[in-house]
Amino acid sequence: MKSVLVTGGNRTGTSWVGEMLCLSNELFFVWEPFNCMFPAMFSKHPLKRHYRKLLPEEDSAMKSYVKKKTLSEILNHSEGGKSAGDKIRKLGVVLAKTAGYISGTRAPLYKDPTALMSAEWFEQQFQSRVVLTVRHPGAYVHSIRRLNWPMHVEEFANQPWLMETLPEAIQNEIRERIAQRERPKGFVLEDAALCWKVFHQVIHQYRENHPEWLVVKHEYLSVNYISGFRDLYNSLGLSWTPEVETKVSYFCNPNNKIVQGDVYHEFKQDSASLARLWKNNLTKAEKATIRRITEPVSSLFYSDDSWD
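Here the working numbering = 1-based position in the sequence shown + 949.
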């Protein structure tokens, strides 16, 4: 079984999609190997910035690190209590995961928005199937605002080899934005919208160059979670069973609440209502600003009606 990379912009549902794809136990979750803030056990991270488009001289160190991160995730099973029975159960989970990985019956699912710019490298080095997540710019900016996250376009500008792959107009927007303000310490709508534009421009280019890669919209999966995830399972050669369907429904059905506040990841939510939440919480002026900044890229993914 091939490994899977689920990537896209941050806050586009990579964690949620990754968790749902692991419900059949044919894939096991590996969390953000490109995230330099959280190195694997007993390892120093080879990268110093997020959204890195790897250079050739970084190949060897990063490939070695991803392997260490995979092993770390196999061995690090922290769920459950601390009783003797819990420890035995944890050991059983680790052994089963290890045996499946060695035999090829279980493969890693790498969930990592910070690997977006190096998705081609990931496919080449690990023969991974690539799933790209897309989210409406209004919903994306709304999610970033809820968490008060600063979005730093400097991460792109500091990589000239990445910048040259972007249209000149977007390169100029990035440089102009940096010149207009100090590096943000919290949420700024304009920065979040511009980051959305960069992420989805890259995804559009991937979509053009790699038609075999899977592109999924957060909104579609949120509303059509049974048929949407069933199709995704089938496309990846995973087993869609009644048990998996029940689990997906458990996490996504309308009886669940929508999480507010600064919670990063909560997979049990009313996914359909969550997908529409931004429409009531953003003002007309905010929506207009987001659309102005994200066009013409947003029109490559979303129609005029999607803004209503």
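In case anyone wonders, no lab produced these hints; they're calculated from the structure. Do not take every clue at face value.
[Stated by the list, open to error] Below 35 angstroms or equal to it, Euclidean Cα-Cα: the simulated DSBU-like pairs (lysine-lysine) are:
id, residue 1, residue 2
1, Lys1134, Lys1039
2, Lys1206, Lys1039
3, Lys1016, Lys1039
[Said to hold, decoys possible] Label-pair ranges, simulated between beta-carbon atoms:
id, residue 1, residue 2, range
4, Pro1160, Ala1118, 31 to 37 angstroms
5, Phe1216, Glu1244, 40 to 46 angstroms
6, Thr1232, Pro1160, 35 to 41 angstroms
7, Ala1234, Leu1024, 48 to 54 angstroms
8, Arg1038, Ser992, 23 to 29 angstroms
9, Asn1025, Ala1118, 41 to 47 angstroms
10, Glu1006, Met986, 20 to 26 angstroms
11, Glu1006, Val1208, 37 to 43 angstroms
12, Ser992, Lys1233, 37 to 43 angstroms
13, Ser1176, Asn1107, 37 to 43 angstroms
Just so it is clear, CB atoms sit at the ideal spot from N, CA and C, and this is done for glycine as well.
Here is what the structure says about each hint:
With a C-alpha separation of about 40 angstroms, the suggested pairing of lysine 1134 with lysine 1039 is violated against the 35 angstroms cut-off. At most 35 angstroms may separate the alpha-carbon atoms for a hinted pair to count; lysine 1206 and lysine 1039 meet this at roughly 30 angstroms. With a C-alpha separation of about 22 angstroms, the suggested pair lysine 1016 and lysine 1039 falls inside the 35 angstroms cut-off, and the hint holds. At roughly 25 angstroms, the beta-carbon separation of proline 1160 and alanine 1118 lies outside the given 31 to 37 angstroms, and the hint is violated.
Our hint of 40 to 46 angstroms for phenylalanine 1216 and glutamate 1244 is violated, since their Cβ atoms are close to 32 angstroms apart. For threonine 1232 and proline 1160, the Cβ-Cβ distance of about 38 angstroms falls inside the hinted range of 35 to 41 angstroms, so the restraint holds. Under the hint 48 to 54 angstroms, the C-beta atoms of alanine 1234 and leucine 1024, about 50 angstroms apart, fit the expected range. Taking 23 to 29 angstroms as the suggested C-beta distance range, the pair arginine 1038 and serine 992 conforms, at roughly 27 angstroms.
Restraint check, asparagine 1025 to alanine 1118: a C-beta distance of roughly 44 angstroms satisfies the suggested window 41 to 47 angstroms. In this structure, glutamate 1006 and methionine 986 meet the distance hint of 20 to 26 angstroms, their C-beta atoms being roughly 23 angstroms apart. Remark: the range hint 37 to 43 angstroms for glutamate 1006 to valine 1208 is upheld by a beta-carbon distance near 42 angstroms. For the pair serine 992 and lysine 1233, the supplied restraint of 37 to 43 angstroms is violated, since their beta-carbon distance comes to about 48 angstroms.
The hinted range of 37 to 43 angstroms is satisfied by serine 1176 and asparagine 1107, whose Cβ atoms lie roughly 42 angstroms apart.
Checked against the numbered hints given earlier, this structure breaks hints 1, 4, 5, 12; the rest are met.
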